[in-house]
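Asker: The lines below spell out each chain.
4 protein chains.
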Amino acid sequence: MALQSLQRVLADFAREREWEQFHTPKNLVMALAGESGELLEIFQWLTPTDSARVMQDSERAVQVREEMADVLAYLLRLADVLDVDLEQALLEKIDKNRLKYPVHLARGRADKYTQWGK
Amino acid sequence: MALQSLQRVLADFAREREWEQFHTPKNLVMALAGESGELLEIFQWLTPTDSARVMQDSERAVQVREEMADVLAYLLRLADVLDVDLEQALLEKIDKNRLKYPVHLARGRADKYTQWGK
Amino acid sequence: MALQSLQRVLADFAREREWEQFHTPKNLVMALAGESGELLEIFQWLTPTDSARVMQDSERAVQVREEMADVLAYLLRLADVLDVDLEQALLEKIDKNRLKYPVHLARGRADKYTQWGK
Amino acid sequence: MALQSLQRVLADFAREREWEQFHTPKNLVMALAGESGELLEIFQWLTPTDSARVMQDSERAVQVREEMADVLAYLLRLADVLDVDLEQALLEKIDKNRLKYPVHLARGRADKYTQWGK
Numbered sequence: 000m001a002l003q004s005l006q007r008v009l010a011d012f013a014r015e016r017e018w019e020q021f022h023t024p025k026n027l028v029m030a031l032a033g034e035s036g037e038l039l040e041i042f043q044w045l046t047p048t049d050s051a052r053v054m055q056d057s058e059r060a061v062q063v064r065e066e067m068a069d070v071l072a073y074l075l076r077l078a079d080v081l082d083v084d085l086e087q088a089l090l091e092k093i094d095k096n097r098l099k100y101p102v103h104l105a106r107g108r109a110d111k112y113t114q115w116g117k
Numbered sequence: 000m001a002l003q004s005l006q007r008v009l010a011d012f013a014r015e016r017e018w019e020q021f022h023t024p025k026n027l028v029m030a031l032a033g034e035s036g037e038l039l040e041i042f043q044w045l046t047p048t049d050s051a052r053v054m055q056d057s058e059r060a061v062q063v064r065e066e067m068a069d070v071l072a073y074l075l076r077l078a079d080v081l082d083v084d085l086e087q088a089l090l091e092k093i094d095k096n097r098l099k100y101p102v103h104l105a106r107g108r109a110d111k112y113t114q115w116g117k
Numbered sequence: 000m001a002l003q004s005l006q007r008v009l010a011d012f013a014r015e016r017e018w019e020q021f022h023t024p025k026n027l028v029m030a031l032a033g034e035s036g037e038l039l040e041i042f043q044w045l046t047p048t049d050s051a052r053v054m055q056d057s058e059r060a061v062q063v064r065e066e067m068a069d070v071l072a073y074l075l076r077l078a079d080v081l082d083v084d085l086e087q088a089l090l091e092k093i094d095k096n097r098l099k100y101p102v103h104l105a106r107g108r109a110d111k112y113t114q115w116g117k
Numbered sequence: 000m001a002l003q004s005l006q007r008v009l010a011d012f013a014r015e016r017e018w019e020q021f022h023t024p025k026n027l028v029m030a031l032a033g034e035s036g037e038l039l040e041i042f043q044w045l046t047p048t049d050s051a052r053v054m055q056d057s058e059r060a061v062q063v064r065e066e067m068a069d070v071l072a073y074l075l076r077l078a079d080v081l082d083v084d085l086e087q088a089l090l091e092k093i094d095k096n097r098l099k100y101p102v103h104l105a106r107g108r109a110d111k112y113t114q115w116g117k
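Chains as they are written, first to last, in numbering that gives the first Met the number 0: chain S, 0 to 117; chain W, 0 to 117; chain L, 0 to 117; chain C, 0 to 117.
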C-alpha cells in the first residue's frame, strides 16, 4: 500500500472521531516524539547485542511493533496536515546524503561529515 | 514506491558505507528519537496556529521536510534490522484502535481511553 | 539540599541495587529522553492555555511531578557518572546566553539568534 | 546554590527578554525534550564503553556539558511556571522507588518491577 493510502486511512480515522482539531503540526510533533520516547524506554537498559535479540521475547516484540506503528502513524498524519510528500522528501534526502557522505570518505565512520578532518 | 523498496535503498546506502555495524536497534532508536527532537525544536515556540503555517516560511519548510525524512529513514532502518513489517503493524494498530476508540465514545475527546469514566 | 547531595542519594540507591552496570552515559541519556517523552505525552493534546492549568487536575499533577522527578534523577545520575558540575555548567551557559541574547536584541523574540537579520 | 536560586536567575533572564509569553508548560516540555534529543545525537553511535569516555574528547565534552545545562534550565523553568518543588518531588519519588524496588528483589535487574515474576 502506498504511503498516501495509509495517510488516507489515518485521516479518515481522525475525521470520524473529530480529532482533526487536536492534530495541529505542533501537537503531532509532540506525539511523534512521545512515541519515540516509548521506544527508548524499551531499549534503554539493553546492551546493543541484546537489543538485536529484542524480537525473540514475544511480549516485547508486540510492544516494539506497536510503538513503531505509532511513530509511523503520527509521522504520516504530520505529513498529511503539512502536505509533505514523505517518499519524495526521503528520496531527496538520500540523494543529498550521497553527496555529503561519499562511500570512499564515509566508509566505517559514524561521525558527522562536519567532524571530518578535525 | 513500497516501504520495502525504500528500506532496500536505505539498506544499500548503509552497507556501501559499512555502517551496518552502527545500526543496532538500540542505536537506531536513539537516532530516531534524536531526529524527532529536531522537529520539536522547530515547533517548540510556535503557537498551534503558527505551527499550521510553518511551511509558508521556505527555509523552515526545507528543515521540516528534511527532519521528517530523517525520522522516516531511521524508522525504516529499524524495521529492516528488526524484520518488522511496518505497514502490517500499522494496519493492525489501526484495527486495535478502532476497538479502543469507538466513534461514539471517542468523538471530540483527546484523552486516553483509560481515562474515560474517571 | 545541594545538587551534589541529591546525586549522592541517587548513587547510593543505584549501588545498593547493583544498577551501576546499567548506568552508562549512553543508557542514562536514553532514560532521560524517555522520561522527557512521558512529559510530552501528558501535554501533547493540551492547548498552551490548558497546559498552564495542568496542575489543577490532581491526578495529572501527580504524574507531572513524578515525570519531572524522573528527568531530574537521570540528569543527576548522568552528571555524576560523567563528573559534570551541573550547577557550574548551567551558570556558564547562562553567561554565554547573556552574550548571545542581549536584552535589546532578544526582547520578545523566540527565534534563535542565528536567524536574526535573515 | 539551591535549585530555587537557579530558578530565580532563569526567571529573571526570561523576564528581562519578555520571553515569559513563550514559556508555557507545553512549550517548555517541548524544549526540554528537544534538548534531550541533542544529547541522544551525541551518544547515538557510541558503544556503551565509548560513551563512558566521552568527556576525554574536549570538543564533545563542551557539547555534553552545554546540552545538560540546557536540559536543567528548561526543567527548572518548567518547575517554576508549574510551581513544582523539584527537590521535594525527587525525594518523594526516591522514597516511592525504595518500596517498588527493594534491594533484595531489584539487585542486578534492569527490568521494570511490573515485569517481575512474568
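Just to be clear, a hint being listed does not mean it is correct.
[Claimed, not checked] Under the rule of at most 30 Å between Cα atoms (straight-line distance), these lysine-lysine pairs were calculated in the DSS-like manner: (1) L:Lys92 with C:Lys92; (2) C:Lys111 with W:Lys95; (3) W:Lys92 with C:Lys92; (4) C:Lys95 with W:Lys95; (5) L:Lys111 with S:Lys95; (6) W:Lys95 with C:Lys92; (7) W:Lys92 with S:Lys92; (8) C:Lys95 with W:Lys92; (9) S:Lys99 with L:Lys111; (10) W:Lys111 with C:Lys111; (11) L:Lys99 with S:Lys111.
Since the hints were derived computationally from the structure, they do not count as laboratory data.
Asker: List in ascending order the numbers of the hints, as given earlier, that are violated by the structure.
Answerer: Structure breaks hints 3, 4, 6 and 8.
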